[in-house]
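Chains as they are written, first to last, in the working numbering: chain A, -10 to 361; chain B, 58 to 384; chain C, 186 to 513.
By construction, these hints were calculated from the structure, which means they are not laboratory data.
Hints are not guaranteed to be accurate.
What the hints assert, rightly or not - Derived EDC-like pairs (lysine to aspartate or glutamate); straight-line CA-CA distance at most 16 Å:
1. Lys226(A) <-> Asp306(B)
2. Lys223(B) <-> Asp260(A)
3. Lys313(C) <-> Asp306(B)
4. Lys313(C) <-> Glu380(B)
5. Lys83(A) <-> Glu350(A)
6. Lys177(A) <-> Glu209(A)
What the hints assert, rightly or not - A few chain A residues that don't get close to chain C, going by computed Cβ distances all over 12 Å:
7. Gly43
8. Thr130
9. Lys177
10. Gly222
11. Asp233
12. Met236
13. Gly238
14. Glu259
15. Gln281
16. Gly310
17. Gln332
18. Tyr354
The beta-carbon is built from N, C-alpha and C at its ideal position, and this holds for glycine as well.
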Amino acid sequence: MKRILLATGALALSLAPLHAQNFDDPEEFAKQKEQLAATPEGPEGQPWLQHIGGEMVETADLGLSAPATVCFSNAGVNNPWRVVGYTNMTEEVKNHESIGNFIHVDAEGSDDKQIADIDDLLAGGECDVMIVSPNTTAALTPAVERACEAMPVIVFDRGVNTQCPVTFIHPVGGYGFGIQGAEFIASKLEQGDNVLMLRILPGVDVLETRYSAGRRILDEAGMNIVGAEFTDGDNAKTKSIVEDYLMRGDIDAVWMDAGATAVAAIEAFEDSGYDIPVFVGEDQQDFLRKWQDEGLTAIAPTYPTYQWRTAIIAAAKVIEGEAVPGPEWVLPQPAITQENLDQYVNPAMPPLHYAMCGCEEMENYPQAWGGN
Amino acid sequence: MSDSTARPRAARRRLPRVNPVWLLLAALILAIVFMNPGFVEPTGYMNFLKRAAPLAILAAGQVYVIVSGGFDLSVGSLITLVVVGSSMLTNNDPSATVWVIPLMLALGLGVGAVNGAIVCFLRVPSLIATLGMMITLNGLAFLWSGGAPRGYLPDTFRFFGRELIKDVPLVRFIPVSVIVLVVVVGLLTWLMHRTNLGRQVHAIGDNPVAARLAGVAVNRVRITAFMLSGLSGALAGILLGGFAGVSTDVGTGYELQAITAAVLGGAQLLGGRGSVPAAVGGALALTAIFTLLNFLGLPQPVRQVVQGLILIAAVALAMHRREETGT
Amino acid sequence: MSLAEDTPPRATGFRFERWAPLILLAGAALIYVAVAIGTGQAQYLTLDNLIAILGRSIALGITAIGQTFVILVASIDLSVASLISATAVLASVVMDGAPAMILPAILAALALGALVGVCNGLMVSALKVNPLIATLGMSLIIQGCLSAFVSNFAGKVPVAFQVFAYGEIGPFPLALIFLALMAALAWAVLRFTRFGSDIYAVGGNEEAARFAGIKTGRVVILTHVICSVCAAIAGLYLASRLRSGAPWIGSDGVYDLESIAVVVIGGTVLAGGRGGIWGTMAGMLIFSLIDSVFNIAGVDSFAKQVLRGIIIVAAVAFYAIRSKRIVA
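Here chain A stands alone, though its shape is the one from the complex (with noise of 0.2 Å):
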């Protein structure tokens, strides 16, 4: 046993750093600071059809007529996010006489499973045009680049390591995120106050660059970070490790990188007999709803769903020979704050709906999406 821990540990010790992605890179945290203060082009008030910057990608030659079939390669439906996001785009599907058919593989959360649901699409022989949401960036690649070669591939959410997707779409980002929730917090607090950070879990690029960015913001403001826990998303766990916190020492504030856990961790609060501190969630409902009848000093970053909507209107306007924004489609990434909450809670909407769905407006809604 021991030599087994020895020399794995050895091993990766020597050799991990080296390959560790970069997760705190100034650069990108700057380019996302810019584009969440720029004014995004295209309609106002639908910022699923909006993009930040950006070139057109011309795609009339790509010979395409319609009705076509659009194939979706789908990571999983493994998370509510997921979920409100999926309903997006079946109910956008619905909007566009141009898509003939449309087919949806779920890859429930495995690369290689994913990786065989593509190269089955492509035996299939059906499909005209490829969504692919992939599960993670360096795995999808290859399957990616081999759809690639025989129709156009449309790339939302995380991306992948190679240019030959029509356009990747995907909101500001991590960074972003972190920075909006971050700002918030040192904005009401004074120097030297105390401040837990709760996380999901490590490893995953998108919630990295959230608490990277996050602490990077706090750290200059002089705050004194408490704890960075992590939490696995997990109800009871969360409010466990508050509970533990709060018998320790004050909190002036809790920063999350993800919110789905945020009213456990404000009912560790409530049940311990303590004030509700400033709040970083974000957007579902459960959340806005606890913000909003307590009163909070809160905000909600929010990672928009309504970017499932955009893959199947940029795959609409490429059977139509459209251009699309491209090689990136950048999406606003708006926060939901005090002056704009009344907008954007719903009593009647499932607890992790995410609000920023951009769907209200849509014809099933709120059934589709579990709504009364």
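Place chains B and C on chain A using the hints.
Chains B and C only, in chain A's frame:
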């Protein structure tokens, strides 16, 4: 792997030695108190008990299945299904709790009965039967809710897992879940160690053929054991949902933790030996380990390694002692 | 894990147990064809597609071959998923894009596998720790050590090594041929060698095997080494396929529970002593076919899970229901 030499145990065993799980628990608690003196305050130890309650109840139920010679891997998904299902059924209506809770307990019993029937009548080993049930129930929870929780749990439902009884003499307050824990564990202990059912569960785990020849209704007793485990899963789900609210992965990992707790308490896998209080002790010890590692500020990977080492060491030690004493 | 009242195997006539995996496989294939034709998607019935289906579960197949060995001696291995992640990361970090390091990386991965196998085997046979607990503990230890050092994709597999997962010989993927060869080798070992018959003897009745002069401890340790080495090979395959290793690829693929499911669906008995490699291969094919049926028919992923759970239980019941024994 069952030891063929052991005779059916006499009705009352004398316990000359203290079960090591209690020593482990005492040592862990001392360490926690040393790390964090606040633990001796009611807030400290009551919070601890409140957190341990779902796992302790689960372990108390699991020990029935283990003693009868099987495993129940389905309890984790059952917890998820109970929490998600309750949020769907109560639909924000506080008065619905009155019928939703009994329904969920019945669901637990039902799932246990199906597990037991698959094992007894279809002859599928319990590891596979309950693995299949685990996958199925998880799928059902997602299918029912569409992948994300659909409703909130009303405060009446959350009473059992979240509320405190205040102004209690000596301890200031008692969480409701701790009362539930004491009552359930008391009942399960009595059933296992003071009734005929308990003796029969031990007998079929020890040697099912001999038990059958001795007139034990093997199938009925085994199904009962699975039903008790299912019931404890439903109870744990009600407490967890109450403590922390709805999510679609509340139960993940609880099945292995429950088995670990039972084993830490000296339950013998594949049957014949095990005690409810010791399994509860195992659950408390496991929770204490997690709490301690938390206080030490150790990262998740270290916790995993420690958990793995303790698990192996506990069983290896138990086997060693058993060989020494020749039982 | 077997208990008494074993029915003696009948010597002549139709041996249900031998044919049951094929009956299940034929059933799965029929459903596949029926669904493909029924939904008007006959293009899924070509050779290319058959190969694509076969290629879906190569990592699972390799792991399941190893799992068959340990289950045959009435043990089990829950540590394969973590080991797959560990060896994939180890190989990819050692290679780090350099073709010259391919051989050392393969050796390192196999050595790690063998080491874990020896530890598992020793815990089970010498310390008498229940295999479920021993390998579960091992799994936690491996995963903990791994994620202490790596939290994302680490290292890089050189193009030369990607041939393992992406190379083709004629119409067949290299990895598929490799899997077939491994299965044939495993079959030969079980069928023709002394070690093979020892495995069945130990799994059938450990005490009797010991009295017959078989070094049962050694057999158990060796099967665990085979199982872990197979998992290490699966890790190498996944590193090659994903072009790098990450600490979650084993657990994301649920290779621990799925490999056990594949083995038992293939008719190998958890109690040990009965079953074999071809059953396991049939089990793997059944899994792949079901997966493809779900994809063609567009079954939603939650309903998929429900069906999968029921199918596992039903398939095992198909074998077990005729037995009179009391199962654990």
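Hint check results:
{"no.": "1", "hint": "Lys226(A) <-> Asp306(B)", "result": "holds (12 Å)"}
{"no.": "2", "hint": "Lys223(B) <-> Asp260(A)", "result": "holds (12 Å)"}
{"no.": "3", "hint": "Lys313(C) <-> Asp306(B)", "result": "violated (34 Å)"}
{"no.": "4", "hint": "Lys313(C) <-> Glu380(B)", "result": "holds (10 Å)"}
{"no.": "5", "hint": "Lys83(A) <-> Glu350(A)", "result": "holds (14 Å)"}
{"no.": "6", "hint": "Lys177(A) <-> Glu209(A)", "result": "holds (14 Å)"}
{"no.": "7", "hint": "Gly43", "result": "holds (27 Å)"}
{"no.": "8", "hint": "Thr130", "result": "violated (7 Å)"}
{"no.": "9", "hint": "Lys177", "result": "holds (31 Å)"}
{"no.": "10", "hint": "Gly222", "result": "holds (14 Å)"}
{"no.": "11", "hint": "Asp233", "result": "holds (21 Å)"}
{"no.": "12", "hint": "Met236", "result": "holds (27 Å)"}
{"no.": "13", "hint": "Gly238", "result": "holds (28 Å)"}
{"no.": "14", "hint": "Glu259", "result": "holds (33 Å)"}
{"no.": "15", "hint": "Gln281", "result": "holds (32 Å)"}
{"no.": "16", "hint": "Gly310", "result": "holds (27 Å)"}
{"no.": "17", "hint": "Gln332", "result": "holds (32 Å)"}
{"no.": "18", "hint": "Tyr354", "result": "holds (21 Å)"}
Figure legend: structure checked against the earlier numbered hints; hints not met, in rising order: 3, 8.
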